[in-house]
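Letter by letter, the chains look like this.
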Amino acid sequence: DAKTTQPNSMESNEEEPVHLPCNHSTISGTDYIHWYRQLPSQGPEYVIHGLTSNVNNRMASLAIAEDRKSSTLILHRATLRDAAVYYCILLIQGAQKLVFGQGTRLTINP
Amino acid sequence: EAGVTQSPTHLIKTRGQQATLRCSPISGHTSVYWYQQALGLGLQFLLWYDEGEERNRGNFPPRFSGRQFPNYSSELNVNALELEDSALYLCASSPDRVYVGAGELFFGEGSRLTVL
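These protein sequence lines are chains H and W, in that order.
This note's numbering puts the first sequence at residues 1 to 110.
This note's numbering puts the second sequence at residues 1 to 116.
Read the hints as simulated data drawn from the structure, not as lab findings.
Mixed in with the good hints, there may be bad ones.
[As the list claims (entries may be wrong)] Under the rule of at most 20 angstroms between Cα atoms (straight-line distance), these lysine to any residue pairs were calculated in the SDA-like manner:
1. H:Lys3 with W:Arg57
2. W:Lys13 with W:Arg57
3. H:Lys3 with W:Gln37
4. H:Lys3 with W:Asn56
5. H:Lys3 with W:Phe60
6. H:Lys3 with W:Phe64
7. H:Lys3 with W:Asn59
8. H:Lys3 with W:Gly42
9. H:Lys3 with W:Gly58
10. H:Lys3 with W:Gln44
11. H:Lys3 with W:Phe45
12. H:Lys3 with W:Lys13
Because the structure is a prediction, the values reported are computed rather than measured.
Construct all of the structure, not just a fragment, from the sequences and the given hints.
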């Protein structure tokens with residue numbers, strides 16, 4: 001099964017950009033890359049998703065490598081409310097599976 | 001619009017008992033997904049229901065089962081509870097098969113099951 005690999009933790013400062021990496025070297029051509037985040041004591045919430053092209057929305061940007069073997073979630077100006085566990089997920093269309101990575105625990109320093 | 005709701009919020013059982021967890025998807029959503037999140041671990045995919053049918057299941061033993069009702073709500077049953085079943089069980093819904101349109105999953109707040 002295709003899977004994702006993320007750093008266990010990252011730390012950044014408030015109002016600075018944050019780049020959260022994700023490796024998915026066995027991704028196939030039809031697998032979507034999704035990012036969710038989970039704040040303490042809450043269920044995960046959707047952040048962004050993409051297939052091949054870079055994507056932007058009000059929450060974040062998603063940069064996808066040309067070979068699609070990796071991607072980076074970019075928070076342009078981190079706030080304290082962005083402290084959460086960020087999950088990089090592959091939607092594997094062929095096997096109809098959702099594969100969560102380990103997640104990256106993001107700490108934001110004031 | 002109401003989000004995904006789960007009940008009960010907390011449930012305490014003893015080893016060997018059965019637990020039933022419930023999930024109501026967002027109105028209009030036909031797909032329901034169940035995940036297990038044990039303490040300190042990531043989300044493990046359990047089950048996916050769509051239009052009343054089980055479409056896929058994760059690598060869990062058969063004592064984890066469930067169903068989806070005609071109103072698209074869903075129930076997760078865990079039989080013969082073991083200590084390691086203690087976890088947060090999360091339900092998510094989507095308006096259609098997420099694999100087709102790469103849509104968004106909407107998660108509930110979860111049901112915390114404690115097995116003593």
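Okay, the hints, checked on the actual structure:
{"no.": "1", "hint": "H:Lys3 with W:Arg57", "verdict": "holds (17 angstroms)"}
{"no.": "2", "hint": "W:Lys13 with W:Arg57", "verdict": "violated (24 angstroms)"}
{"no.": "3", "hint": "H:Lys3 with W:Gln37", "verdict": "holds (17 angstroms)"}
{"no.": "4", "hint": "H:Lys3 with W:Asn56", "verdict": "holds (17 angstroms)"}
{"no.": "5", "hint": "H:Lys3 with W:Phe60", "verdict": "holds (18 angstroms)"}
{"no.": "6", "hint": "H:Lys3 with W:Phe64", "verdict": "violated (23 angstroms)"}
{"no.": "7", "hint": "H:Lys3 with W:Asn59", "verdict": "holds (15 angstroms)"}
{"no.": "8", "hint": "H:Lys3 with W:Gly42", "verdict": "holds (13 angstroms)"}
{"no.": "9", "hint": "H:Lys3 with W:Gly58", "verdict": "holds (14 angstroms)"}
{"no.": "10", "hint": "H:Lys3 with W:Gln44", "verdict": "holds (12 angstroms)"}
{"no.": "11", "hint": "H:Lys3 with W:Phe45", "verdict": "holds (13 angstroms)"}
{"no.": "12", "hint": "H:Lys3 with W:Lys13", "verdict": "violated (33 angstroms)"}
The structure shown violates the earlier hints numbered 2, 6, 12.
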